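Chains A and B are the protein sequences, given in the same order.
Heads up: the first sequence at position 177 corresponds to 177 in the working numbering, and the numbers run straight through without jumps.
Each number in the working numbering comes from the position in the second sequence (counting from 1) with 210 added on.
Just so you know, these hints were derived from the structure itself, not from any lab.
Since this is a predicted model, take the numbers as computed values, not measurements.
Heads up, the beta-carbon is just placed ideally off N, CA and C, and yes, glycines get one too.
Each hint should be verified, as a subset may be incorrect.
Facing chain A, from chain B, some residues (calculated, C-beta under 7 Å) [as the list claims (entries may be wrong)]:
| hint | residue |
| --- | --- |
| 1 | Phe342 |
| 2 | Leu506 |
| 3 | Phe538 |
Derived coverage of chain B by chain A (criterion: at least 3 residues anywhere in the stretch with Cβ under 8 Å from a Cβ of chain A; other residues may be distant) [stated by the list, open to error]:
| hint | stretch |
| --- | --- |
| 4 | 260-274 |
| 5 | 293-300 |
| 6 | 356-365 |
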Amino acid sequence: MRRGVARTLARLVLLVGLSLFLALVQGWIILAAAAGALAILALVLGLPRGTARLLAAVGLLGLPVLYLVFVLSGREATGAWAPAFRWGLVHMAPYSLRMGALALANLLFIRVTSLAEIMEALKALRLPDPAVLFLSTVLRFLPQILQEARRVVDAQRCRGLTSRKLLTPPGLLAVFVPLFLGQVQRSRDLAISLEVRGAAFSCRAGRRLP
Amino acid sequence: MPADRPMIAARDLSHVALDSRARLLKEVGLTVERGERVGIVGPSGSGKTTLGFHLGGLHPWALEGTSTGSLVLGGRECIQEGRKGFAGLVLQNPENQIFCDRVEDEVAFGLGEGARIAGLEGLLERTGLAAFRDRDPATLSLGWKQRLSIAGMLAIGPEVLLLDEPTNYLDAPGAGELFRFLAETGDRKGITTLVIDHDETRLRAWATRLVRIEDGTVAADGPPGTVPGGEPLPDMKPQAAPGEILLSIQSMTFAYERQRPLFRGFDLDLREGEIVALLGPNGAGKSTLLRLAKGLLQPSRGSVRTCAGRPLMEEVGLVFQNPDEQIFALTVEEECAFLPRNQGLPEPAARAAACDTLERLGLGHLRDRLPFSLSYGEKRRLTLASVLVGAPRILCLDEPTAALDRPNLALLARMMRDHAEAGGAILFATHDQAFARSLATRSVPLAGAP
Numbered sequence: 001m002r003r004g005v006a007r008t009l010a011r012l013v014l015l016v017g018l019s020l021f022l023a024l025v026q027g028w029i030i031l032a033a034a035a036g037a038l039a040i041l042a043l044v045l046g047l048p049r050g051t052a053r054l055l056a057a058v059g060l061l062g063l064p065v066l067y068l069v070f071v072l073s074g075r076e077a078t079g080a081w082a083p084a085f086r087w088g089l090v091h092m093a094p095y096s097l098r099m100g101a102l103a104l105a106n107l108l109f110i111r112v113t114s115l116a117e118i119m120e121a122l123k124a125l126r127l128p129d130p131a132v133l134f135l136s137t138v139l140r141f142l143p144q145i146l147q148e149a150r151r152v153v154d155a156q157r158c159r160g161l162t163s164r165k166l167l168t169p170p171g172l173l174a175v176f177v178p179l180f181l182g183q184v185q186r187s188r189d190l191a192i193s194l195e196v197r198g199a200a201f202s203c204r205a206g207r208r209l210p
Numbered sequence: 211m212p213a214d215r216p217m218i219a220a221r222d223l224s225h226v227a228l229d230s231r232a233r234l235l236k237e238v239g240l241t242v243e244r245g246e247r248v249g250i251v252g253p254s255g256s257g258k259t260t261l262g263f264h265l266g267g268l269h270p271w272a273l274e275g276t277s278t279g280s281l282v283l284g285g286r287e288c289i290q291e292g293r294k295g296f297a298g299l300v301l302q303n304p305e306n307q308i309f310c311d312r313v314e315d316e317v318a319f320g321l322g323e324g325a326r327i328a329g330l331e332g333l334l335e336r337t338g339l340a341a342f343r344d345r346d347p348a349t350l351s352l353g354w355k356q357r358l359s360i361a362g363m364l365a366i367g368p369e370v371l372l373l374d375e376p377t378n379y380l381d382a383p384g385a386g387e388l389f390r391f392l393a394e395t396g397d398r399k400g401i402t403t404l405v406i407d408h409d410e411t412r413l414r415a416w417a418t419r420l421v422r423i424e425d426g427t428v429a430a431d432g433p434p435g436t437v438p439g440g441e442p443l444p445d446m447k448p449q450a451a452p453g454e455i456l457l458s459i460q461s462m463t464f465a466y467e468r469q470r471p472l473f474r475g476f477d478l479d480l481r482e483g484e485i486v487a488l489l490g491p492n493g494a495g496k497s498t499l500l501r502l503a504k505g506l507l508q509p510s511r512g513s514v515r516t517c518a519g520r521p522l523m524e525e526v527g528l529v530f531q532n533p534d535e536q537i538f539a540l541t542v543e544e545e546c547a548f549l550p551r552n553q554g555l556p557e558p559a560a561r562a563a564a565c566d567t568l569e570r571l572g573l574g575h576l577r578d579r580l581p582f583s584l585s586y587g588e589k590r591r592l593t594l595a596s597v598l599v600g601a602p603r604i605l606c607l608d609e610p611t612a613a614l615d616r617p618n619l620a621l622l623a624r625m626m627r628d629h630a631e632a633g634g635a636i637l638f639a640t641h642d643q644a645f646a647r648s649l650a651t652r653s654v655p656l657a658g659a660p
């Protein structure tokens, strides 16, 4: 196995291990420490400023809705409103930290690993081409989707959408629908471009992925 | 293939779309010889792209519908199964079709295993991409991304190169450079090149043949000089003298990177009745200036303010280039009423304002239509309506002419002039110098960061 492939596989194993750890670990102190360490690493490695800001903004703006969901769950669990607020807070904190840390871990992986390295490593694992293509496309286009989300939010801000209204169903739709349709168009363009260039989605015919 | 046979021969070629059952092509007959440079022009929705996909043998993968008639590509009948590898396809947004994160990998993608090492170097050299081989395509300018897309398609060794609206995202020098590159590449390799574009002036200078499509049929076909159309817009500048200052930008400094300020001590006054064109290459800061004028970005020094003292967000309207990045509602009326609703207008008043604006922009009859089903020109007008409904005196437009056909261009010019003559002011960023000459009362050239 080539050294570059081994290095990427090691990073992949680390990412998967870290993701599993973050998904399963209990206790907000450990999660906070992990999220803090990843944030420091992100600062040192220099995540693109726009992406970091957007992630922080989306995370913070989503907190009130998230808290509401947890409070409602707390009402179900405790049967009363007063303890539901504390219950919501206690359960929301580790959840938010877990999600934030997972997002950071994945972004850091993309930051330090090129798409070609990821594809080479996945192929070394003998994954089928369609799976390699699917996984690498998701990783490759995440930063561009974030950029596009920012443009859509700006366009809707020009039409009076404020951060408060962004959390209402019409506000969410105003951002989600153009973003979703933009990705459909992008995937359509990309699919035809790959197909024209002979990328095979079946192992029986056509050119395999490079 | 014998040299005397045409490269492409279409006879009675028709295409019916699967969803709308509309006949997008109606018994088209067309023959294209090897090495020809063909420009395909016509209004939005006339069937240019549908025809292009057929001529490239890509219709089974790119279109959903039924094709009938005869289509012979490189000597082989391809009406049903198409012909993969016959044509390379370059779409309008190069960012949507670049897959790899290294220039070299992107070019190599289409080369077969055996040809990869032998062909790659030559292709990188010929396309001028050798100097960028290790770069991430995301860091290239749009012009170079477009060139990378073309190189990726040349790698498959196509007989035909099909480009669909390739200049939409390019500045004037970038578009000029693209056509020079296409001419060189086509001549050197004998590739037949088909370009679908709205910019007829540039297309006429490049093409050896122009095909005008109208309502799914070939309306004219011949050397560019013999095909009518392509006249520039007449002079449409507002006649009244500029009035009071509406927007004032003073000693403004702004930078994305601290060491490379995009604007340093920049001044601009926008007066009532003025239409000001912002000109300059990609990256010169045209869109950034519009965002600063709207208040989406804040200058690090200096000021951007309206002279009425109202917040920029309320007084300035900004229309973005791509309508698909803002359309979301189920009807045209709902889409247009989004802004007045957000401004806190009661529902009947919001709807009345939306209907009134749609009528004014010639979209009243479409108010119950699904916005996504509109033509591109109609979508652009809808996005303009959905900002004008807030009655901003200052209107900022980012590349308003991109991908617009001649009738929509004339309509846009009239709307802009009406807005200025009604006491408003317009600041617009454009690569279209002819449009700026016919409409703008003055132009501001921007150079960008040093």
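Structure-based check of all given hints:
A hinted interface residue such as Phe342(B) counts as satisfied when its beta carbon comes closer than 7 Å to some beta carbon of chain A; here the least separation is about 15 Å, so the hint is violated. Restraint check, Leu506(B) versus chain A: the minimum CB separation of about 6 Å is within 7 Å; hint holds. For Phe538(B), the interface hint holds, the least distance from its beta-carbon to any beta-carbon of chain A being 4 Å, beneath 7 Å. For the stretch 260-274 of chain B, the stated coverage by chain A is satisfied: 3 residues place a CB nearer than 8 Å to a CB of that chain, which reaches the threshold of 3.
Counting residues of the stretch 293-300 of chain B whose beta carbon lies closer than 8 Å to any beta carbon of chain A gives 5, which meets the minimum of three for the stated coverage. With 4 residues having a beta carbon nearer than 8 Å to a beta carbon of chain A, the stretch 356-365 of chain B meets the requirement of three or more and the stated coverage holds.
The structure does not agree with numbered hint 1 stated previously, though it agrees with all others.
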